[in-house]
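*Asks:* Spelled out from the first residue to the last, the chains are:
There are 2 protein chains.
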Amino acid sequence: MPELRKDPITDSWVIISTDRARRPSDFVRERTPREPSGRFCPFCPGNESKTPPEVLAYRNGSGPNQPGWSLRVVPEKFPVLGIEGDLDREGEGLFDRMKGIGAHEVLIESPEHALSITELSEKTIHHLLWAFRERLEDLRRDRRLRYVLLFKNHGEAAGATLEHTHSQLIALPVVPKRVQEELEGAKAYYRFKERCIFCDLIRQELKSRTRVVMETNGFIVLEPYAARFPFETWILPMQHKSHFKDAEPHSLENLAWVLRSTLRKIEKVLEWPPYNLIVHTAPLQESATDYYHWHIEIIPKLTRVAGFEWGSGFYINPTPPEESAQFLHDAGTC
Amino acid sequence: MPELRKDPITDSWVIISTDRARRPSDFVRERTPREPSGRFCPFCPGNESKTPPEVLAYRNGSGPNQPGWSLRVVPEKFPVLGIEGDLDREGEGLFDRMKGIGAHEVLIESPEHALSITELSEKTIHHLLWAFRERLEDLRRDRRLRYVLLFKNHGEAAGATLEHTHSQLIALPVVPKRVQEELEGAKAYYRFKERCIFCDLIRQELKSRTRVVMETNGFIVLEPYAARFPFETWILPMQHKSHFKDAEPHSLENLAWVLRSTLRKIEKVLEWPPYNLIVHTAPLQESATDYYHWHIEIIPKLTRVAGFEWGSGFYINPTPPEESAQFLHDAGTC
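Chains A and B, in that order, are what the protein sequence lines are. Per numbering that gives the first Met the number 0, the very first residue in the first sequence carries number 0; after that it's consecutive. Per numbering that gives the first Met the number 0, the very first residue in the second sequence carries number 0; after that it's consecutive.
Honestly, the hints are just simulated from the structure, not real lab data. Remember, predicted model here, so these are calculated numbers, not experimental data. Just so you know, not all the hints are guaranteed correct.
Since the list gives no way to pick one copy over another, a pair counts as held whenever it fits inside one copy or between any two copies.
[Claimed, not checked] Restricting the straight-line Cα-Cα distance to at most 25 angstroms, the calculated cross-link-like pairs of lysine-lysine (PhoX-like) are:
id, residue 1, residue 2
1, Lys206, Lys98
2, Lys122, Lys267
3, Lys122, Lys244
4, Lys76, Lys98
5, Lys5, Lys98
6, Lys76, Lys49
7, Lys206, Lys5
8, Lys192, Lys206
9, Lys5, Lys192
10, Lys98, Lys176
11, Lys186, Lys176
12, Lys49, Lys244
13, Lys49, Lys176
14, Lys244, Lys176
Model the full structure from these sequences, guided by the hints.
*Replies:* In C-alpha cells form, the structure reads like this:
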C-alpha cells in the first residue's frame with residue numbers, strides 16, 4: 000500500500016509509492032561521462048581570457064586572470080541577472096515587477112579538468128566551501144541583495160553545459176520560494192515549541208536510524224522522511240546554525256570530506272547519475288536566528304515525471320527513503 | 000536587462016530573461032512522434048481485457064469491456080494510490096502519514112490510435128471533458144477524497160508511456176500544494192478587494208492585450224504575466240466559476256474547440272513539443288466560492304534546468320510571455 004507523508008517543515012504531502020519500490024538499477028538515467036570530450040574548455044588554465052575577469056581567486060603569487068590559480072570565481076558569461084542599476088520596483092495594475100538586479104557567478108573548483116567534484120582532493124573542496132563563504136560576505140554588503148543561492152548542476156540532464164567541474168551562485172533581490180516556505184514552516188514550529196525543527200528532526204532521525212546514511216561529529220547525512228525524489232539526500236550540520244557563512248573553518252574541513260563521501264556513495268550506488276546540489280541558508284541580510292538551520296540538498300535526476308509535478312506541486316517518489324538510505328549506507332566508506 | 004516578475008496569485012517571483020530571449024526554433028526539444036510505433040496498444044479496441052475493468056464508458060449498446068466504445072475510463076494498471084481501506088492517519092514524532100488512499104484512472108479519449116488529442120474531433124474532446132465532469136461527480140461521493148487532478152502527459156519527455164492519446168486523473172485525500180497556494184492567494188485577494196483575482200486578471204489582460212493568445216465568448220487563452228516556463232499557456236473561462244464540474248454543457252463544447260485550437264497552435268509554433276496539461280479546480284468537497292476560478296495550465300517541455308528550480312522554487316524563463324503570446328497569436332486559426 001502506498002503511503003502519503005507530510006514534510007514537517009513545508010507541510011507538503013508526497014506519495015511514497017512502496018508498491019512499485021525501485022532499486023537503483025531500475026532507473027533509466029543518462030549516465031554522466033567518465034572521459035573528457037576533448038572540446039575546448041574555457042575553465043582550464045591558460046584560457047582565463049575566455050571568461051569575464053575574476054571576482055575572487057586563490058593563487059600562488061601569479062597575477063589576476065593568469066594561470067597559477069587553484070580556484071577561480073568569475074561572473075557567468077550569460078548571466079540571468081545584471082549587477083548594475085536600481086531595482087526600480089513598479090506596479091502595473093495587478094502586476095509587480097522590478098529590474099533583474101543580482102549576481103550570477105561561476106566557481107571553478109579546480110584548475111584540473113576533472114569531470115566530477117568527487118575526483119578533487121578534500122582540500123580543494125574545502126577551498127570551494129570557503130570561497131562560497133567569502134562571496135557571501137562580499138555580496139552581503141550590497142543591500143539590494145536578499146539571498147545567495149549556491150548550487151551545482153552535475154551532468155547535462157541536470158542542466159550543466161560545461162563538463163569541467165564547477166558550481167554557481169545566483170544572488171537575488173528576493174528570497175526564493177522554496178527557502179521562504181522552509182523559513183515560514185520553521186518559524187511556525189519555533190513559535191509553538193521554542194525549538195529548531197531541524198535540530199528536533201536530527202535528534203529523531205538519530206534515534207530511529209532508518210533514514211541515516213552516515214554521520215560525523217559535525218554532520219549528519221540523511222534521506223528526508225517525505226523525500227520528493229528517489230535518493231534525495233540532505234546534509235545538515237549537527238550544531239545549530241542558521242547561516243552557512245557562520246560555519247567554523249574546521250567544520251568546513253569536515254564538510255568537505257562528508258560532501259565528497261556522500262556524492263561518491265551516490266555515484267557508486269546510482270552509477271554516476273546527473274544531480275543537482277543546492278545550499279539552503281538563512282537570508283543574506285538577516286542576523287543569526289534560532290529557528291532556521293542551514294543545510295545542503297542533493298537531488299539525483301532519476302525520474303522524468305516533471306511537468307505534472309511542476310503544475311501540481313505534488314510529488315510521487317517511487318523509492319522509500321528508508322530503502323535509499325540503506326543502499327547509500329551499505330555502499331561503505333567512499 | 001532581465002526582469003523579475005511576481006505572480007499575483009501565488010506571490011512567487013520569476014526571472015524573465017529578456018536578454019537571451021528565445022525564439023521557438025532555439026529550444027532543443029524532443030519532438031513527439033508523428034507516426035505510430037506499431038507496438039502493441041492496450042488502449043485500442045479489441046484489447047479491453049488488457050486494462051482493468053472500465054469505470055465509465057460511452058458506447059453504442061455494446062457490453063462493458065467490449066469493443067464498440069467511443070471513450071473509456073479505466074483504473075490505471077499500476078496506480079500510485081489504492082482505493083480500498085481507511086486513511087489511518089498517524090504520527091510518529093515530528094512526522095505525519097496516512098495510507099495512500101485515492102484513485103488513479105486513465106481516460107482513453109478515443110478508440111482511434113491517434114498520437115495527439117489535436118487529431119480528434121471537437122465532439123470527441125467534448126466527450127472527454129464531459130467524462131471528467133462525470134468522474135468528478137462520482138468521486139465526490141467518496142468523503143475521504145479532497146481533490147481530483149486531471150492531467151495529460153503528452154510525449155515521452157513529459158512522462159507519457161503509451162502513445163495512444165489519453166488523459167489521467169488522480170483523486171487525492173489532500174489538496175496538492177500548488178493548488179493550495181493558488182487558493183490561499185486568491186482568498187487573500189478576495190478579502191482585500193471582494194473580487195476574484197482571476198476575473199480581475201482577465202479584465203486587465205483584455206485591456207492590455209499583450210499576452211492574449213485568443214478569446215471566444217466563453218474562454219480566454221493567455222500567457223501568464225509571471226510565466227515560469229517558456230510558452231506556458233492558460234485557458235480560463237470568461238464567466239466566474241470555481242469548479243470545473245459546474246461548467247455548462249454548451250460551455251464545454253466551446254472549450255473543446257478552444258483547447259484543440261490552442262494545442263494546435265502550440266504544435267504548429269513549437270513543432271510538436273512534449274507538454275503537460277493540468278486542470279486546476281476548487282477542492283472536491285467545497286461548495287462554489289467567489290474567490291477561486293477554475294482554469295487549465297499547459298506547460299510545453301522545452302527547457303532542461305529542472306533540479307535547480309525544484310530545489311529553489313525559483314524559475315528562470317528565457318521567453319517573455321508577450322513574445323510567446325505573439326507567436327501563438329500569429330499562428331492564426333488552427
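*Asks:* Run every hint past the structure and note whether it holds.
*Replies:* Structure-based check of all given hints:
Taking the shortest Cα distances, lysine 206 and lysine 98 sit within 25 angstroms of each other only across copies (24 angstroms), while inside one copy they are farther apart (48 angstroms). Only within a single protomer do lysine 122 and lysine 267 lie at most 25 angstroms apart by alpha-carbon distance; the minimum there is 22 angstroms, versus 53 angstroms between protomers. Within a single copy, lysine 122 and lysine 244 get their C-alpha atoms as close as 18 angstroms, which meets the 25 angstroms cut-off; across copies the closest is 61 angstroms, which misses it. Taking identical chains as interchangeable, the C-alpha atoms of lysine 76 and lysine 98 lie at most 25 angstroms apart only when both belong to the same chain, with a minimum of 19 angstroms there against 49 angstroms between chains.
When the C-alpha separation of lysine 5 and lysine 98 is checked against a cutoff of 25 angstroms, the pair qualifies only between copies, where the shortest distance is 12 angstroms, while the shortest distance within a copy is 36 angstroms. Only within a single protomer do lysine 76 and lysine 49 lie at most 25 angstroms apart by alpha-carbon distance; the minimum there is 9 angstroms, versus 53 angstroms between protomers. Taking the shortest Cα distances, lysine 206 and lysine 5 sit within 25 angstroms of each other inside one copy (20 angstroms), while across copies they are farther apart (42 angstroms). For the identical chains of this complex, lysine 192 and lysine 206 are intra-copy neighbours only, at 20 angstroms inside a copy versus 50 angstroms across copies, given an alpha-carbon limit of 25 angstroms.
For a Cα distance limit of 25 angstroms, the shortest separation of lysine 5 from lysine 192 inside one copy, 19 angstroms, qualifies, whereas the shortest one across copies, 33 angstroms, does not. For the identical chains of this complex, lysine 98 and lysine 176 are intra-copy neighbours only, at 18 angstroms inside a copy versus 29 angstroms across copies, given an alpha-carbon limit of 25 angstroms. In this assembly of identical chains, lysine 186 and lysine 176 lie within 25 angstroms of each other by CA distance both inside one copy and across copies; the values are 15 angstroms within and 19 angstroms between. Taking CA atoms no more than 25 angstroms apart as the test, lysine 49 paired with lysine 244 passes in neither setting, with 30 angstroms inside one copy and 58 angstroms between copies.
Proximity of lysine 49 to lysine 176 under the C-alpha cut-off of 25 angstroms is found in neither arrangement, the shortest distances being 34 angstroms within a copy and 43 angstroms between copies. In this assembly of identical chains, lysine 244 and lysine 176 lie within 25 angstroms of each other by CA distance solely inside one copy; the values are 21 angstroms within and 31 angstroms between copies.
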